[in-house]
Structures are given as structure tokens and as C-alpha cells.
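Residues per chain, in single letters:
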Amino acid sequence: MKSFITKVLWAALVLSVSQNAYAKLNVFTCEPEWAALVKELAGKKAKVFSATHARQDPHFVQARPSLIAKLRSADLAVCTGAQLETGWMPMLQRRARNPKVLKGRDGHFESARHVRRLEIPGRLDRTEGDVHGDGNPHIQLDPRRILKVARALSKRLQKIDPGNEQIYKKRFQQFNKRWKASLVKWKKKAGSVKGKKVIVHHREWIYLLDWLRMKRVGSLEPKPGIPPTISHLSDLKQRTADLVIISPLNDKKPSKWLRKQTGIPVVVLPHTVGAVPNSKDLFAFFDKIVHQLVNKVSK
Amino acid sequence: MRKTLLNIAMAAVLSVPAAAHSADSAAIAELKQMIVEMKQQHEQQIQALEERVGQAEERAATAEEMAENNESTVAVVEEQIQAQSQTSDNSFNPAISVVLQGGVASYSKDPEEFHFEGMPLGGEAGLHDEGLALWEAELIASASIDNLFYGQLTIGLHTEDGDIEVDVEEAFVDTLSLPGGFGLRFGRFFSALGYLNEHHTHAWDFADAPLAYQAFLGKQYRDDGIRATWVAPTDNLLVEIGAEVLRGDSYPGGGNDNNFGAVHNLFMHIGGDVGEDSSWQLGISRMDVDVVERSSGGHAHGHGGDGPVFSGDSDLTVLDAVWKTALAGERALILQGEYFMRDENGQVTAEDGDAVFNYDGEQEGWYLQGIFQFDRRWRAGLRYDRLEADNDLVMLSNTTGEADDDIFEETGFLSGNNDPHRWSAMLDWTPSEFSRLRLQYAKDESRGETDHQVFLQYIMTLGAHGAHQY
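In order, the protein sequence lines correspond to chains A and B.
Each number in the working numbering comes from the position in the first sequence (counting from 1) with 507 added on.
Each number in the working numbering comes from the position in the second sequence (counting from 1) with 2 added on.
Please keep in mind that the hints were generated in silico from the structure rather than gathered at the bench.
Ranges between beta-carbon positions, derived for each pair:
1. B/E295 x A/T736: 52 to 62 angstroms
2. B/M462 x A/S738: 20 to 30 angstroms
3. B/L429 x A/G698: 44 to 54 angstroms
4. A/S699 x B/V175: 52 to 62 angstroms
5. A/R562 x B/L284: 20 to 30 angstroms
6. B/D354 x A/F567: 54 to 64 angstroms
7. B/E295 x A/G629: 53 to 63 angstroms
8. B/D165 x A/E626: 40 to 50 angstroms
9. B/G153 x A/P669: 29 to 39 angstroms
10. A/G629 x B/L329: 35 to 45 angstroms
11. A/E626 x B/L439: 28 to 38 angstroms
Each residue gets a CB set at the ideal place from its N, CA and C atoms; glycine is no exception.
Build out the structure end to end from the sequences listed, making use of the hints.
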């Protein structure tokens, strides 16, 4: 009986090992937008897994067992960086026992390192709320920055999987062409939102506003990561704004209250790929953002 | 005459407009000419202006393009600066944090009398000081040492009978780059035994340890030693197997007379996800302790003189299970339970050697708890604890003149009819990731009579926010 159990265990182990020995590149991504980008850049050459889904806040993720298992067999980990995943990713990296994906190795890619970050605080003080010393990490909301990340990520894919170098190069060229055409299209379509004054819920939208040249005049959260308070909302009532932007994850009550008080329209925008219906890939994601914004502003 | 004059006058009057008319038409023609000329001029000017505007626009466009190029150059430079600042900030200085824990504790029974019948307390076991107190201050420093090692140091400051104790709680090194999913940890660390033992007290969901931790681990077991782990290359399911060899200096060990460690622990964790929002982990560990002269406080902590001393074998098996479900609107449910089974066998020497008896103990303990998170800030929890001891004691020699049973009872090894048990309820408020306040009530029946316990606890983290384990 005992030897039978041992045999079964060995068989299970061998099966689980051989199951992993396929040619595809195993890519672990921290957020859905990077999973979407890897799919664009690697196509069928990569097996992509996203540690968080669109309904999860990447600030607060558990270093849960399945993530340790996933990172254990990853060839590449793609995260935002800029301390967004500081509460869980270091723990996963230590527990997964996979030297390939440790910080500083080729198998560890941090998107925020490849773009210019905004809102780098001059002074770090926790009374300012949940601020990131390396700047605002929510860079996925600017398609110009996405393109920069895509260029760097494609180079990284070529480096760690040289056998498929030409495929990655070709896919990037195609992506680059399509993306640039879309950039022109989006910018043209969103011409009417330029200069509009915006109140945001959390300060994740700065890169979107930077791209479309909109102005942030306030945020519903008094400090990043601190839920809105009545007194802070009352202060916001005094400001003139054209629009309130929130994400599907945010509590709807504060923005609703402000709309009732001031009549400022509220728009719910996807903060990542898949956060609202019809935003399944990066192109659809920005299509949706631009469409929603223009719709609200022209009303 | 009058008629002539009138005629002349009339003629004159009539002729004026006629003359004027001829003069006017000349002027109008001139004006027309001027207007046409002006128009032409203006048109030319407008054209010139338009041309200039066009040129300006072109220049603006080029300027914008240049600016954009410059911006990207600036961006590149800034990126470099940012990259540099990042490396200088993070890689070379350890992340340092300070955790302060304290509060108010109130008991309806004397906390100094806290004990379990048949399971004498050891290690750090015991209740929080009554009244206002700083329970613990920890200083934690951690960093990757180089590409091969990661290190962590935790220094604990406690107050013990009015004196401040400085304690190296943890000082360990992890390997980072062993191949094949293998890892080593060496130094001083919390043993991978059960679920809560590896978590720092500030990450616990209640203000105090489960009764099983008080009884079997001296609150929390840590020791000097080495640990090897292996993570299987499975796809979705975590399978982690590990072995530890520890010195055995702290409870439940009793000393070290073996180069290969007095404590051996084997453990395994498996865990995975159910759907998108739920995750689980199961653990099993088996620890064999070669106990060399382990002293315990016995009935009354700090009884005076040497307490009873136990030598022999102690085997501890722990099963643990955790389930976490994330619900909409930042709500969450966490269920957690652990089951302990201990088998101890050996001799107890009491009363300075005047009494020696055989001790064969079979003990078990468990707890089950549920935490519900209402939103990002508020959580409530309920916990039930239970212990049971069944000890066989046989007196070998007794020259004290006291009855055998009295000695059994005084040493704390006599198991009673009462199974220690406790209900606890807590409510905590977490304004940010760095602070937490907790109110807890417990109805503790571990001494046969009810002790109503109330805690008001604060947990504050200063500095770096370390990543929490599952």
C-alpha cells in the first residue's frame, strides 16, 4: 500500500513537471493591462497569467499560494513597479524560489521604469496618504507611455527568448503601426475634452489627463488611499469642474453626492483592461475611455 | 420783376442740386476707386497676414515637434535620473520599520494565576500585563544582501517585571538563487509550524495568542537553526515541502546537547484558488523535540526556586487550514483553524530533586476563527479555543513528605477534568495600512472559572511597509 502511494506521488510529480516543459514562454503579469500587452507582443509564443483581475485593487493583493506556484515556473514577470506591488510581490519573489524573476534579472520587468513618471513627491510623509516615492504608478492610462513600455518589453522578450526574436520584432512593428494610427484617431476624437476641468476619485487618472490635456482640479479622496470625508466633499462643492471621473472599483456614493449637489456629471472609466464590458484588449480599452469621455462632455 | 427774381431764385435753387449732382458722381467714382484699391490692399494684406499666420503655424508645428523631441530627451534623462535614484534608495539601504504594539488589558481574575491544568506553561506564555502597557516594540530591518542572499533582523523590546529586555527575535538569511525550486534559511527564525507561528504578532487577527499556542509553543516558537524548502513546479497548486533542524533552546525544547539540533520539523503546505475570488491553504507539520531539562513555571508563574524540570521526548503534530474569500465592495471573509496534537514522554524532576515521576502526556488543542471585513477599514471576528490534556503520572521517588497527588498538582502536570476553552470577539479599525486599533472581549474558561477579559490594542507601523505573507 505504502509503495503504491509513493508511486502515485511520483507519477503526479513527474506529470506536473513534464506538463510545464512546453516550449511556450511562461509570463506572469501583476496587472491585466500588462497581460494584454504581452498578448499583443508575443501572441501564441507566450502563456500569460495575470495575478490580479480587473475587480481587484493591485495595492491590496494577498501573496496567496496559487501566485507562489505561478511565479515558481514563470520565465518572465511583468509588473508596474514604482512600489505599486510592494505589499505582495516581494513576498512572492522570496517564496517562489525562482531566481529568474528576482529584481534586477532579465526575467523581471517593471513597466514604470521605462516611462517618465509624474507626481514624484518632493517630500515623503505618511500624513500625505499612500504616496509612492517613485511617483504615481498608474501609467497604463496614457497610450503614449504604453507604446514606450511596449518597445522595452518587446526588446526584453527578444532577449530572454532569442529563438523567437524575429517573431517578437515583427509583432512589435505591427503593434507600433496600429497603435500610432489609433493614437491619432483617439486624440482627434477626444479633441473636445481638451482643457476640461476634472475631479477624480483616486489620483490614478493623472496620466490620462496628461495625455488628453485635461486639468485635475481636485480629488474625492482627501489624500491618496484615504476614503472621501464629508468635510472634504463640501470643500469640493466650491470648485468649478466639468466632470468627475471614477473607476468601477470606487465607491459610487461620494461622486453621486457631489453630482446631486453641483450637477457635475460623473463618468465611470475603466482603469484597466477588462474593467468594464467591451474593454478586453488594449485597443478596446482606450476606445472605451475616449468614447465614454466624449459622450459625457458633449451631453 | 418779382416774378423774374423768383424765377431766378427758383432756377438757382433747382440748379444747385444739378451742379451738386455732377460734382457728387465724380466723388463717388473716386470713392469707389478708393474702396476698390483699399479692398485690393486689404486683400493683399490679409493674404500676407494669412501667409504669415501659415508660416507661424508651420513654425509652431516644428517647434512643437522639436519640443516633443526635447521632451522625450528630457524624459530619457529623467528616466535615467529616476532609475539612478531608485537604485540608490532601495538596493543599498535595508528597509527599516518599527512596529509598536500596546494597549489596555482588563481581567476579572488574577492574570498572574493564568495556567492550564496538565500543560505547564513555558516560554513566553502568559497574558498581557493588566492595565495600560506597551506590549511590544519591534525594529525590523531587511534587504537583499546580494544576488544570492536576503537577510532580515527583528529586534524586540519588551518590559519584563519592570526591566526592559532587548531580544533578537529573528535574524535569518534566505538564499535567493538556488536552482530547482530549492531554498535555504539559516539563523534564528519562527519555525514553519502551523499557520500563525510564522506570522508576526502584529499580523494576527486577535490581540492574544490562541490557547493552543500558549500551551504548546510558549506563545510562539522560534529558535536557531536551518530550514530547507522545495516548491514543486506545479501550475496552479502550491506544493511546498520543507524540513527544519533547530537548536532546541527555547520552549518546547529544553536545551541543546546535540550538534544536529534537538528539534526536527517536517512540514508541507498546499494551496490554491477556487474561482477568481477565493483562495485556500492547508498545512501539516510534525515536530519531534528531544527535550533536555525543560523547566516550566508550574502552577504559579515565578513560584520562587527552581520549577519542575522535564526531560524526554515531545512530538507535536499540527494541521492548519485557511480560507479567504474576497467579496464585492472591499468586503472579505477569512476562516482559519489549527489543530494541535502533542505526545510527551519522559521524567519530571521536582522539588529540587526530592520528587521524580514518569510523565506520559497526550494533549490536544484547537481553535477556529472567522473574520469578516466590512470595508477597507472595519473588521469583526469571532474565535473559539479548546484544549484537552490526558496525562499519566507515576511517582518514582518522593522524599518530600508531601502526598504524590499534591506534587503532581503543584508541578502543573496533573490533568484536570476541566477542558480549558474560550470565546473571543473582536472589532478592529484600520484607518491606513500602517495603523490599526482593536477592541476585544474574551470569555476565558481555561481555569475552571470564568475570566472576563477586555483588550484595547493599538498596532502602529512606522517606516517601510513590509510585504505580508498569506
